[in-house]
Amino acid sequence: MADEPLVLGIETSCDETGVGIVRGHTLLADALASSVDEHARFGGVVPEVASRAHLEAIVPTMDRALREAGVTIADIDAIAVTSGPGLAGALLVGVAAAKGYALAAEKPVYGVNHLAAHVAVDTLEHGPLPEPAIAMLVSGGHSSLLLVDDLAHGVTPLGATIDDAAGEAFDKVARLLGLPFPGGPHIDGQARAGDPAAIAFPRGLTAPKDLAAHRYDFSFSGLKTAVARWVEARQRAGEPVPVADVAASFQEAVCDVLTAKALDACRANGIGTLVVGGGVAANSRLRAMAEHRAAKHGIRVRVPRPKLCTDNGAMVAALGAHLVAAGVTPSRLDLPADSALPLTTVSV
Amino acid sequence: MLVLVVDSSTPAVTAALVEVSAGGVAARAQRCTVDARAHGELLAPQVEAVLAEGDVRPGDLAAIVAGLGPGPFTGLRVGLVTAATMGQVLGVPTYGVCSLDGIGHPAAAGEPVLAATDARRREVYWAVYDGAGQRIGGPEVAVPALVAERARELAVTAAVGDGAHRYADVLGLPLRAEPRYPDATALAVLAAERIRAGAPGEVLTPLYLRRPDAVASATRKPVLP
Ligand SMILES: [Zn+2]
Numbered sequence: 017m018a019d020e021p022l023v024l025g026i027e028t029s030c031d032e033t034g035v036g037i038v039r040g041h042t043l044l045a046d047a048l049a050s051s052v053d054e055h056a057r058f059g060g061v062v063p064e065v066a067s068r069a070h071l072e073a074i075v076p077t078m079d080r081a082l083r084e085a086g087v088t089i090a091d092i093d094a095i096a097v098t099s100g101p102g103l104a105g106a107l108l109v110g111v112a113a114a115k116g117y118a119l120a121a122e123k124p125v126y127g128v129n130h131l132a133a134h135v136a137v138d139t140l141e142h143g144p145l146p147e148p149a150i151a152m153l154v155s156g157g158h159s160s161l162l163l164v165d166d167l168a169h170g171v172t173p174l175g176a177t178i179d180d181a182a183g184e185a186f187d188k189v190a191r192l193l194g195l196p197f198p199g200g201p202h203i204d205g206q207a208r209a210g211d212p213a214a215i216a217f218p219r220g221l222t223a224p225k226d227l228a229a230h231r232y233d234f235s236f237s238g239l240k241t242a243v244a245r246w247v248e249a250r251q252r253a254g255e256p257v258p259v260a261d262v263a264a265s266f267q268e269a270v271c272d273v274l275t276a277k278a279l280d281a282c283r284a285n286g287i288g289t290l291v292v293g294g295g296v297a298a299n300s301r302l303r304a305m306a307e308h309r310a311a312k313h314g315i316r317v318r319v320p321r322p323k324l325c326t327d328n329g330a331m332v333a334a335l336g337a338h339l340v341a342a343g344v345t346p347s348r349l350d351l352p353a354d355s356a357l358p359l360t361t362v363s364v
Numbered sequence: 195m196l197v198l199v200v201d202s203s204t205p206a207v208t209a210a211l212v213e214v215s216a217g218g219v220a221a222r223a224q225r226c227t228v229d230a231r232a233h234g235e236l237l238a239p240q241v242e243a244v245l246a247e248g249d250v251r252p253g254d255l256a257a258i259v260a261g262l263g264p265g266p267f268t269g270l271r272v273g274l275v276t277a278a279t280m281g282q283v284l285g286v287p288t289y290g291v292c293s294l295d296g297i298g299h300p301a302a303a304g305e306p307v308l309a310a311t312d313a314r315r316r317e318v319y320w321a322v323y324d325g326a327g328q329r330i331g332g333p334e335v336a337v338p339a340l341v342a343e344r345a346r347e348l349a350v351t352a353a354v355g356d357g358a359h360r361y362a363d364v365l366g367l368p369l370r371a372e373p374r375y376p377d378a379t380a381l382a383v384l385a386a387e388r389i390r391a392g393a394p395g396e397v398l399t400p401l402y403l404r405r406p407d408a409v410a411s412a413t414r415k416p417v418l419p
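Chains as they are written, first to last, in the numbering used here: chain A, 17 to 364; chain B, 195 to 419.
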């Protein structure tokens, strides 16, 4: 519909420079430039390398997005930008860019929460989100369970990882197995040929005593250590490491905990919709297991297609469009980049 | 021609509106705030303020000039991305000028002068200018003691800029009080020929002078603590 807000979204919280354009719930453009290859040899994202790449990429990525959508910046109703959480220097490039665009085009700017944007992006695929819903966000930087009662004004954090993020565990285990960075897709690929029941790896924070204090929290550090010990014992014994089995068993343990806790959150709160987002949501086993388990309880799982799960500008635009439609006041031009922006703040 | 000037290469966050004519460059409005930690918050409102004070819409701008640094990276990028994005929307050329030139050029008065800004980590960004304000050394980043040596070799008789004040004892040169930070009008003056000629704009590439802090691991790091 032409009267739905046309919103541009900018994302630079980590190593992806994203510019997306949406009209309401319709995705018009999703342009992305990634510096992931520049980080690969360091085995993780180097903040300064990411920030430099954002500065180089922002103008050409914006050009591509506008061309893809067939609009000019004069047509845009509002500009949304990830203002946090994320890498401070990387966020700052996107926030300053959004302000530059907003100033020059005389448009309002919304500084938005990256995690809320991961939830909002699903509206581009599956339409308006029923509220309340439970959202599980799993990536290299975050692992959170949220109660989404009002996406425009605030979400309630239920739990989060107490050590490593889920995606971080994938990266570290990939490194142990000699697989490239980022580890997620490589573990997923290896696991297809492996036996998920080959090795019984631990499920963090699922014992009754842990559940009392950490019902919706995650811990992947113990799992990562268990995999490391298992692999190193094999290597010390001079035996080959069954990479596919280790990958499948590790992935099974992660997905088991994630889906169990997410569905527990749905059932405990009487909620029939689970949204999954973040880079780890692209994991094929996680998607399959979540859907299989949810079906038993009549819960609907919404997972956007993999390209929308990882960081991108479209998710920021989607949240921006939601805020505009809800009549939320735009941010001020002095809006800061906040690397620790709390989940309860959807827009600044 | 109305031109916007931005510089965020030092603790001073600067936005200025200047008018470039055949006769020269005249300042119309300027905002400068010294706060090393708030470049991202300060610059855009200052741009808005100088446009408002000059009673100018963004679309009235004919060009944008930005200080390319050198400067601490995070703050420096704020000015450059602001200039680049505004230039993209407005379809006007963007011109980069070495930020140290905005200190050294206006400070030149017949004899060589050293311009220095704070590079943190006990180093300075520096350049040397001849008596007419032409850069004859730098821009580089170095410890003040080394800069003092280079300044002697280039027959420098005075030092200027925030970094020169900070390390005055090591540099051992008479100080000029102004400019302490890159002067917006001076940056516009240094780009004026290109502006008047309508020269093609350039991609604003920061003068980082330092590599990112990142060491590629030669061997795999053990995952176990
Ligand atoms: Zn993310």
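Calculated from the structure, these hints are not laboratory results.
Keep in mind it's a predicted model, so treat the numbers as computed, not measured.
Just to be clear, a hint being listed does not mean it is correct.
Once the Cα atoms are required to be at most 25 Å apart in a straight line, the calculated SDA-like pairs of lysine to any residue come out as [unchecked claim]:
| id | chain 1 | residue 1 | chain 2 | residue 2 |
| --- | --- | --- | --- | --- |
| 1 | A | Lys123 | B | Asp254 |
| 2 | A | Lys123 | A | Thr88 |
| 3 | A | Lys123 | A | Pro224 |
| 4 | A | Lys123 | B | Leu403 |
| 5 | A | Lys323 | A | Leu163 |
| 6 | A | Lys123 | B | Glu247 |
| 7 | A | Lys323 | A | Ile215 |
| 8 | A | Lys123 | B | Ala232 |
| 9 | A | Lys123 | B | Gly253 |
Hints versus structure:
1. Lys123/A <-> Asp254/B: At roughly 16 Å apart (the allowed maximum being 25 Å), Asp254/B and Lys123/A satisfy the hint.
2. Lys123/A <-> Thr88/A: Measuring from Cα to Cα gives roughly 13 Å; hence the hint holds.
3. Lys123/A <-> Pro224/A: violated, 52 Å
4. Lys123/A <-> Leu403/B: Violated: Lys123/A and Leu403/B sit about 35 Å apart, past 25 Å.
5. Lys323/A <-> Leu163/A: holds, 24 Å
6. Lys123/A <-> Glu247/B: holds, 19 Å
7. Lys323/A <-> Ile215/A: violated, 31 Å
8. Lys123/A <-> Ala232/B: Holds, because 23 Å separates the two Cα atoms, which is no more than 25 Å.
9. Lys123/A <-> Gly253/B: Given pair Lys123/A, Gly253/B holds - Cα atoms ~13 Å apart, limit 25 Å.
When held up to the earlier numbered hints, the structure conflicts with 3, 4, 7 and fits the remainder.
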